[in-house]
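Participant: Given next are the chains, with one letter for each unit.
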Amino acid sequence: MSAFVSVNGVSLQYGGAEGTLALQDTTFSVAQGEFVSVVGPSGCGKSTLMKVLSGLWPVSAGHAVVNGREVTKPLDFVGMAFQNPNLLPWRTVLDNLMLPFEIVEQHRNKLRRQRAAYEQKALDLLSLVGLAGSERRMPWQLSGGMQQRVQLCRAIIHDPLLLMLDEPFGALDMFTREELWLVLQDLWIERKPTVILVTHDLREAAFLSDRVVVMSSRPGRIIAECTVDVPRPRRTEQIYEPTISEIVLKLRAQIGAARHTSSGRPENRQIAGPASA
Amino acid sequence: MTNKARRGIGRRLLPWIVIAAIFAIWELVVRSFGIPQFVLPAPSAIFAAGWKFRVGILDNSLQTLMTTLIGFALAVAFGLIAGIMIGSSSLVYEAFYPALIGFNAIPKVAIVPLLVIWFGIGTVPAVLTAFLISFFPILVNVATGIATTEPELRDVLRALGASPAQIVRKVGLPRAMPYFFASLKIAMPVAFVGSILAETVAANKGIGSLMLVATARFDVALAFAALLVTGLMGMALYWIANLLERRVTGWSIRGASDAVVLHPQG
Ligand SMILES: Nc1ncnc2c1ncn2[C@@H]1O[C@H](COP(=O)(O)OP(=O)(O)O)[C@@H](O)[C@H]1O
Ligand SMILES: [Mg+2]
Chain A
0 MSAFVSVNGV SLQYGGAEGT LALQDTTFSV AQGEFVSVVG PSGCGKSTLM KVLSGLWPVS
60 AGHAVVNGRE VTKPLDFVGM AFQNPNLLPW RTVLDNLMLP FEIVEQHRNK LRRQRAAYEQ
120 KALDLLSLVG LAGSERRMPW QLSGGMQQRV QLCRAIIHDP LLLMLDEPFG ALDMFTREEL
180 WLVLQDLWIE RKPTVILVTH DLREAAFLSD RVVVMSSRPG RIIAECTVDV PRPRRTEQIY
240 EPTISEIVLK LRAQIGAARH TSSGRPENRQ IAGPASA
Chain B
0 MTNKARRGIG RRLLPWIVIA AIFAIWELVV RSFGIPQFVL PAPSAIFAAG WKFRVGILDN
60 SLQTLMTTLI GFALAVAFGL IAGIMIGSSS LVYEAFYPAL IGFNAIPKVA IVPLLVIWFG
120 IGTVPAVLTA FLISFFPILV NVATGIATTE PELRDVLRAL GASPAQIVRK VGLPRAMPYF
180 FASLKIAMPV AFVGSILAET VAANKGIGSL MLVATARFDV ALAFAALLVT GLMGMALYWI
240 ANLLERRVTG WSIRGASDAV VLHPQG
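Protein sequence lines correspond, in order, to chains A and B. Here numbering that gives the first Met the number 0 is used: the first residue of the first sequence is 0, the next is one more, and so on. Here numbering that gives the first Met the number 0 is used: the first residue of the second sequence is 0, the next is one more, and so on.
Misleading hints may appear alongside valid ones.
What the hints assert, rightly or not - Part of the chain B face toward chain A, derived, beta carbon under 10 Å:
hint	residue
1	151
2	155
3	158
4	160
5	161
If you are wondering where the hints come from, they were derived from the structure by calculation, not from laboratory data. Where a beta carbon is used, it is the ideal one built from N, C-alpha and C, also for glycine.
Generate coordinates for the entire structure from the input sequences, incorporating the hints supplied.
Facilitator: Next up, the structure:
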């Protein structure tokens, strides 16, 4: 089967010829239903890669293909979540979850007549992430972790084929973060969307993913990858057991090696070749 | 009655106590220093004058209220429309903003004589002055509210395939509502001032014209009575704007209580 997401030699330069080169000759692919994490230093172009795949920003060179079609504009089978919860503060939790239905064309027309059914979808999802009974609350009445759960629900409520998460747990404390890893795992097991998760937490990447992809510092390209062959559902304790902790160590070593080779010659963009371990 | 409830009532009475105290001190100062009527009348004299000329004052107040409200309504309508257009498009913003800044810098007093030349003495110059003077704060606030939509929030919607118009409707406008209502609280008194300003130059009716007549006759007490009524009307208008704001944008006032918060479906 051909890849569901395939990025082929993609470069992206912000703001014309003099602008920042955020991605250079990036190539990677994701299979349907796969959970892939992208890790890399801050500013290396991870969010840029997300913008390319969601059709929010055109590439300067190369091809980005999702679901068999070249990405040229936003696609409604994509769901996104970010580090900030980005909830609409004037809407209740439930009304926030209805937002994708109000926009995605296929649902927009039916929403009026089938409102109850759509709301039931939202309520089911809320109870799946442990927020049953919170549907009438306003966003500011929720903790950061709860808001992030709502954002996850909103990203997935219209059953997107591709779920893109850009450091969604970056601003949360360790305990909340681990809780949300399990929430995300449950959501993924239940719906099996293709997931691309950007994070700078190696344990998070190793715990959640089928495969972890490492990006170099700017301009970003893929310098290493690593599969995580651990059956699901995974338990958070496994992070501290050899199966996952060894992968975390291996990733660390790969990133360290990549840093080492590139730090001496920052001008040279060729040095960070595939540093497979 | 609980302590807390008693303190709540005390708080609500506080502004009235302050106003009463100001009048009391004023009365005291005027009487004890023997200040003449035509320089600074005592509050008692002002109230007396106000009562004596109550019909004229009411008549002129209603005229001013009418010109203010018509000018203000025009400013709200045009300010909203222009604000939405300028806030939604950086192209429109860049094209129109410098011209608007220049226009806003022109003192509106300078325009009133022109309005008289074009429309003659009467209601129209007052309405237009109220409009011109209160239009800009509304426009700027609405435009700011829409233009400062968080890029990520915009991306969430864009990624779902939302059109620019949908983004403005679902996010830009609701987000701009607190800015809009804040601007109404500025624009309302300003429109009022605009009306009165025009009336002192170009009208034979209205509070502004009444004040002009009163001072020309050295009836300072009547002039003060007119001022007092102006202040009261300003307070009432502000209070209405405030009430509206609380009803529509309760979500942005994160009150201490978890009481019902009204929210528009936008
Ligand atoms: N809209 C933009 N315009 C110009 N430069 C940008 C823009 N967005 C990001 N960049 C630059 O591109 C580089 C990569 O950014 P980003 O993809 O956000 O990194 P990451 O998410 O990995 O931290 C950074 O140097 C950043 O400053
Ligand atoms: Mg980023």
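Participant: Taking the hints in turn, state whether each one holds.
Facilitator: Verification of the supplied hints:
no.: 1; hint: 151; verdict: holds (5 Å)
no.: 2; hint: 155; verdict: holds (6 Å)
no.: 3; hint: 158; verdict: holds (5 Å)
no.: 4; hint: 160; verdict: holds (4 Å)
no.: 5; hint: 161; verdict: holds (5 Å)
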